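Trainee: In case you want the letters, here they are:
2 protein chains.
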Amino acid sequence: MRFENETIREILREYRKIWAIHHLRSLAEWDSDVMMPKGGSSLRGDALAESANLVQSFYTSDHFVSLVRRAEGADLNDYERGVLRVLKRTIHYYMALPPELVAEEERTVESAKRAWEQAKEKSDFSIFAPHLEKIVDIQRKKAEHLGYEGHPYNALIDLYEEGATVDFIDRVFSEVLPTVRDALKRIVESEKYFDHHELEDITYERQDMENLNRTVLTSFGADWGHFRMDVSAHPFTIDLAGPQDVRITTWYQGKDFRRSLLAAVHEWGHALYELQQDAELCCTPVSGGVSLGIHESQSRFWENHIGRSLAFVEAFYEDFRFAIPSLEAYEPMEVFRYFNMVRPELIRVEADEISYILHIVLRYELEKVLIEGSLPVSELPQAWNEKMEEYLGVTPPDDAHGVLQDIHWALGSIGYFPTYALGTILSAQIRHAMELDLGPIGELIRMKNFGPIRIWLKEKIHQWGSVYPPNELIKRATGEELNPEYFKKHVKERYEKMYLS
Amino acid sequence: MRFENETIREILREYRKIWAIHHLRSLAEWDSDVMMPKGGSSLRGDALAESANLVQSFYTSDHFVSLVRRAEGADLNDYERGVLRVLKRTIHYYMALPPELVAEEERTVESAKRAWEQAKEKSDFSIFAPHLEKIVDIQRKKAEHLGYEGHPYNALIDLYEEGATVDFIDRVFSEVLPTVRDALKRIVESEKYFDHHELEDITYERQDMENLNRTVLTSFGADWGHFRMDVSAHPFTIDLAGPQDVRITTWYQGKDFRRSLLAAVHEWGHALYELQQDAELCCTPVSGGVSLGIHESQSRFWENHIGRSLAFVEAFYEDFRFAIPSLEAYEPMEVFRYFNMVRPELIRVEADEISYILHIVLRYELEKVLIEGSLPVSELPQAWNEKMEEYLGVTPPDDAHGVLQDIHWALGSIGYFPTYALGTILSAQIRHAMELDLGPIGELIRMKNFGPIRIWLKEKIHQWGSVYPPNELIKRATGEELNPEYFKKHVKERYEKMYLS
Numbered sequence: 026m027r028f029e030n031e032t033i034r035e036i037l038r039e040y041r042k043i044w045a046i047h048h049l050r051s052l053a054e055w056d057s058d059v060m061m062p063k064g065g066s067s068l069r070g071d072a073l074a075e076s077a078n079l080v081q082s083f084y085t086s087d088h089f090v091s092l093v094r095r096a097e098g099a100d101l102n103d104y105e106r107g108v109l110r111v112l113k114r115t116i117h118y119y120m121a122l123p124p125e126l127v128a129e130e131e132r133t134v135e136s137a138k139r140a141w142e143q144a145k146e147k148s149d150f151s152i153f154a155p156h157l158e159k160i161v162d163i164q165r166k167k168a169e170h171l172g173y174e175g176h177p178y179n180a181l182i183d184l185y186e187e188g189a190t191v192d193f194i195d196r197v198f199s200e201v202l203p204t205v206r207d208a209l210k211r212i213v214e215s216e217k218y219f220d221h222h223e224l225e226d227i228t229y230e231r232q233d234m235e236n237l238n239r240t241v242l243t244s245f246g247a248d249w250g251h252f253r254m255d256v257s258a259h260p261f262t263i264d265l266a267g268p269q270d271v272r273i274t275t276w277y278q279g280k281d282f283r284r285s286l287l288a289a290v291h292e293w294g295h296a297l298y299e300l301q302q303d304a305e306l307c308c309t310p311v312s313g314g315v316s317l318g319i320h321e322s323q324s325r326f327w328e329n330h331i332g333r334s335l336a337f338v339e340a341f342y343e344d345f346r347f348a349i350p351s352l353e354a355y356e357p358m359e360v361f362r363y364f365n366m367v368r369p370e371l372i373r374v375e376a377d378e379i380s381y382i383l384h385i386v387l388r389y390e391l392e393k394v395l396i397e398g399s400l401p402v403s404e405l406p407q408a409w410n411e412k413m414e415e416y417l418g419v420t421p422p423d424d425a426h427g428v429l430q431d432i433h434w435a436l437g438s439i440g441y442f443p444t445y446a447l448g449t450i451l452s453a454q455i456r457h458a459m460e461l462d463l464g465p466i467g468e469l470i471r472m473k474n475f476g477p478i479r480i481w482l483k484e485k486i487h488q489w490g491s492v493y494p495p496n497e498l499i500k501r502a503t504g505e506e507l508n509p510e511y512f513k514k515h516v517k518e519r520y521e522k523m524y525l526s
Numbered sequence: 026m027r028f029e030n031e032t033i034r035e036i037l038r039e040y041r042k043i044w045a046i047h048h049l050r051s052l053a054e055w056d057s058d059v060m061m062p063k064g065g066s067s068l069r070g071d072a073l074a075e076s077a078n079l080v081q082s083f084y085t086s087d088h089f090v091s092l093v094r095r096a097e098g099a100d101l102n103d104y105e106r107g108v109l110r111v112l113k114r115t116i117h118y119y120m121a122l123p124p125e126l127v128a129e130e131e132r133t134v135e136s137a138k139r140a141w142e143q144a145k146e147k148s149d150f151s152i153f154a155p156h157l158e159k160i161v162d163i164q165r166k167k168a169e170h171l172g173y174e175g176h177p178y179n180a181l182i183d184l185y186e187e188g189a190t191v192d193f194i195d196r197v198f199s200e201v202l203p204t205v206r207d208a209l210k211r212i213v214e215s216e217k218y219f220d221h222h223e224l225e226d227i228t229y230e231r232q233d234m235e236n237l238n239r240t241v242l243t244s245f246g247a248d249w250g251h252f253r254m255d256v257s258a259h260p261f262t263i264d265l266a267g268p269q270d271v272r273i274t275t276w277y278q279g280k281d282f283r284r285s286l287l288a289a290v291h292e293w294g295h296a297l298y299e300l301q302q303d304a305e306l307c308c309t310p311v312s313g314g315v316s317l318g319i320h321e322s323q324s325r326f327w328e329n330h331i332g333r334s335l336a337f338v339e340a341f342y343e344d345f346r347f348a349i350p351s352l353e354a355y356e357p358m359e360v361f362r363y364f365n366m367v368r369p370e371l372i373r374v375e376a377d378e379i380s381y382i383l384h385i386v387l388r389y390e391l392e393k394v395l396i397e398g399s400l401p402v403s404e405l406p407q408a409w410n411e412k413m414e415e416y417l418g419v420t421p422p423d424d425a426h427g428v429l430q431d432i433h434w435a436l437g438s439i440g441y442f443p444t445y446a447l448g449t450i451l452s453a454q455i456r457h458a459m460e461l462d463l464g465p466i467g468e469l470i471r472m473k474n475f476g477p478i479r480i481w482l483k484e485k486i487h488q489w490g491s492v493y494p495p496n497e498l499i500k501r502a503t504g505e506e507l508n509p510e511y512f513k514k515h516v517k518e519r520y521e522k523m524y525l526s
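One line per chain: the protein sequences are E and Z, in this order. The first sequence begins at 26 in the working numbering and counts up one residue at a time. The second sequence begins at 26 in the working numbering and counts up one residue at a time.
By construction, these hints were calculated from the structure, which means they are not laboratory data. None of these values were measured; they are calculated from a predicted model. Hints are supplied without guarantee of correctness; some may be wrong.
One copy or two, it doesn't matter: identical chains are merged, so the pair holds either way.
Here are the computed lysine-lysine pairs in the DSSO-like style, where the Cα-Cα straight-line distance is at most 30 angstroms [stated by the list, open to error]:
id, residue 1, residue 2
1, Lys280, Lys522
2, Lys63, Lys473
3, Lys159, Lys113
4, Lys217, Lys280
5, Lys473, Lys517
6, Lys473, Lys500
7, Lys42, Lys113
8, Lys63, Lys483
9, Lys485, Lys63
10, Lys138, Lys159
11, Lys159, Lys42
12, Lys412, Lys210
So that you can see chain E by itself, here it is in the shape it has in the complex (with noise of 0.2 angstroms):
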């Protein structure tokens, strides 16, 4: 029995109140995206937001916070322990936000998302620059009453990832950034470098993709009686109900089918993680993923280390050219390059895991300056443009193509984007991890026996939920903290064998 502490036991039967009105809250945003008719929307925004405020009056509620005070001298259990951990964060949110800024941020996210929208398409940030400047203001008041130590953007960043700071991601990313840098550059220059591939131009068939993508999920040990895949306008996971019922969305471009099937493997390593967790603390305040970060180093994990791997592409190789007819006349080590190539981008969504990086070092380095208030918003443009020269050699025609490609400032999300890199980074340290468990997983891969890497995902990460903070769960996973030696030793054995031999 995880939780035998009885005023755990009555926090968490008080939580299930909670937890239902958080379930329900994820299948309107799941609908939001993917099934409702679009003149639902008002309406959907006004529940979701009284919905929200039920939330905050439950986790502020004195009865709840009396309870989990209770529990705090008690003698806990590690599961008993993360609940009042994962509480003890969610109550002071909820607590040191007063609601004026709260709906404040709300109604600002609200006309911010539309004007985005706008500027985007019209390609004109000076439509967005005011929501920004109001979006920043709030996002550093947030800050300050949130509390930090340091630079106010370690306020932020510890709400998608609990415990990281500044000081630790400016020493991950400085410890990444030559090598990728430098690999990018050598790439670029390389004999064998190609700016275009066939493959991206051949077409498919919308249902022979999806019936492909499906293929290739139940190889890696979909159970489609907890699971769902549907499509949006950019894919996701959601967890509704913790084993039970977890669902991702792809997309469909009619070609260039790497794009649908590695969004379903990358969203595949998010939804595992959530069906794997232990079934025990569904419902509880540890269940579900426990950080941005380590959930990216699972789909990540996915994605480049088993969807872009050879083995991969030749354990597939029947089914791909089942699906696409036309890929016939292309062996598997030509769809491997197809889907590694490696070329300097304008977007973010469509990078290589080379320049994904320099992608998000630059966010990460605007937002810091952004908080700080040492960039003003009016010169954001410019700034985005020349690190787009420096990191990537290649500059924005426009804002659209550049400033003003994503939506996550829009929606008051700043200190989000290094939670990417961060698990792309760590992704590779997994399977560092994994291989001396259970041998190079190329051989697993190419025999499509994918069993043992669920089986060492799940004891080593899945089944803990949010039981421990990121950094412990890393530790206890891989036997050492972030480390992003083995990122670079990826990057150098991939992309030195394609490009640079």
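Once you have looked at the hints, place chain Z on chain E.
Mentor: Leaving out everything else, chain Z in the frame of chain E:
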């Protein structure tokens, strides 16, 4: 402005919290039947139970109840009086029932559903009998707690059809029964009687049929920006957010295309009632259809008076043929005969317009004696079979095709069935009133000109939501109380022509 009284406005602000939960719960119900992976059901059930408690605690909170009490003495307009009437009914419901009884009902229903499924599968009533005994007992207790005048069944039917009583239903049914029974007898004995139609066997492609359903509903005026059509085990309609988001389902058996088409047309009638409600009533207690009977009058109007009309078949004949090429061999009149064939069936949901009434009368008569206690549950199958023989001239070969066919009793819904017949009867009265204003609707249907029909329904019925109780709404819409003469006339006219002349 519909709501001016300050207390009412305060009530409505407070009510939005309940509305938000209702909205999310409705979405969860839709998802459970249409989208959810099967394995998600137990946690979904938990979330619905937790949130149901939340709804009850809102309705019975001192704050909310005293607000409603405060509004009682005030000088209110029709809309405001409607709010008060609906809230008082709901509060009475939640206050009158002891929480233990509500919890007992939930538990009983949960296991009764499973027992019913098993009993139906094995066609063994004895599996279901002890559960039904408990359900009848709980419903009887519910009636006592809710209070009633006259028959205890009055307390139960009022939950589905505000103001309806045993006396009222007895009177209505006794007026239509001779006509219906006489028509059925004469049809079955007629020279023109046929107990099978070739079109029942004609198959279709699922996608073609779906396209046909969409074509028809688009002609009816479906705005897909606020409306969805999906597939489920049994067709249903759900109102998620007033006029903004209403969804229906239909089914596809692969043959006998009227089943899929008329189910879609039927549900469209329900959906339009919700889609055309006054937007200002949205998210208030008077939003949405006022009773199951009125709702069924809308679905039956579209199904029986439009979908089964010769004008409809003629108007959409080319669309039918496009979807199902083998229809070519059949003239519109033949399709009309197929749509309207009368045949005593064992199963209610397969029944024609005439037999349908008899299926309902049978259930109503049995429900009454069950609630009275004058029929023991153990004797129910025999009573069922005898009444089937008496009313329809057929005897179920087993309980699966008899007393076990409907899920309603397993769900604890006793008092629900009569609303199906009331709606069917009322639909003819609505058509009559409509034709006084618009002339014969056959001409509009033939021109696919559904705008005037939609507008009439909106003005007379839909826009009013639950502002007026059912009886008053019927009087306002049609100029008189429920009058079965129009249904009797409709039966004679339609079937006289087809079978008896």
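Trainee: Compare the structure with each hint and give your call.
Mentor: Results of checking the hints against the structure:
no.: 1; hint: Lys280 - Lys522; in the structure: within (27 angstroms within a copy, 58 angstroms between copies)
no.: 2; hint: Lys63 - Lys473; in the structure: between (40 angstroms within a copy, 26 angstroms between copies)
no.: 3; hint: Lys159 - Lys113; in the structure: within (29 angstroms within a copy, 45 angstroms between copies)
no.: 4; hint: Lys217 - Lys280; in the structure: within (24 angstroms within a copy, 59 angstroms between copies)
no.: 5; hint: Lys473 - Lys517; in the structure: within (26 angstroms within a copy, 68 angstroms between copies)
no.: 6; hint: Lys473 - Lys500; in the structure: within (29 angstroms within a copy, 69 angstroms between copies)
no.: 7; hint: Lys42 - Lys113; in the structure: both (17 angstroms within a copy, 26 angstroms between copies)
no.: 8; hint: Lys63 - Lys483; in the structure: between (38 angstroms within a copy, 23 angstroms between copies)
no.: 9; hint: Lys485 - Lys63; in the structure: between (41 angstroms within a copy, 28 angstroms between copies)
no.: 10; hint: Lys138 - Lys159; in the structure: within (13 angstroms within a copy, 54 angstroms between copies)
no.: 11; hint: Lys159 - Lys42; in the structure: between (34 angstroms within a copy, 29 angstroms between copies)
no.: 12; hint: Lys412 - Lys210; in the structure: within (15 angstroms within a copy, 86 angstroms between copies)
Going through the hint list in order, the structure satisfies each hint without exception.
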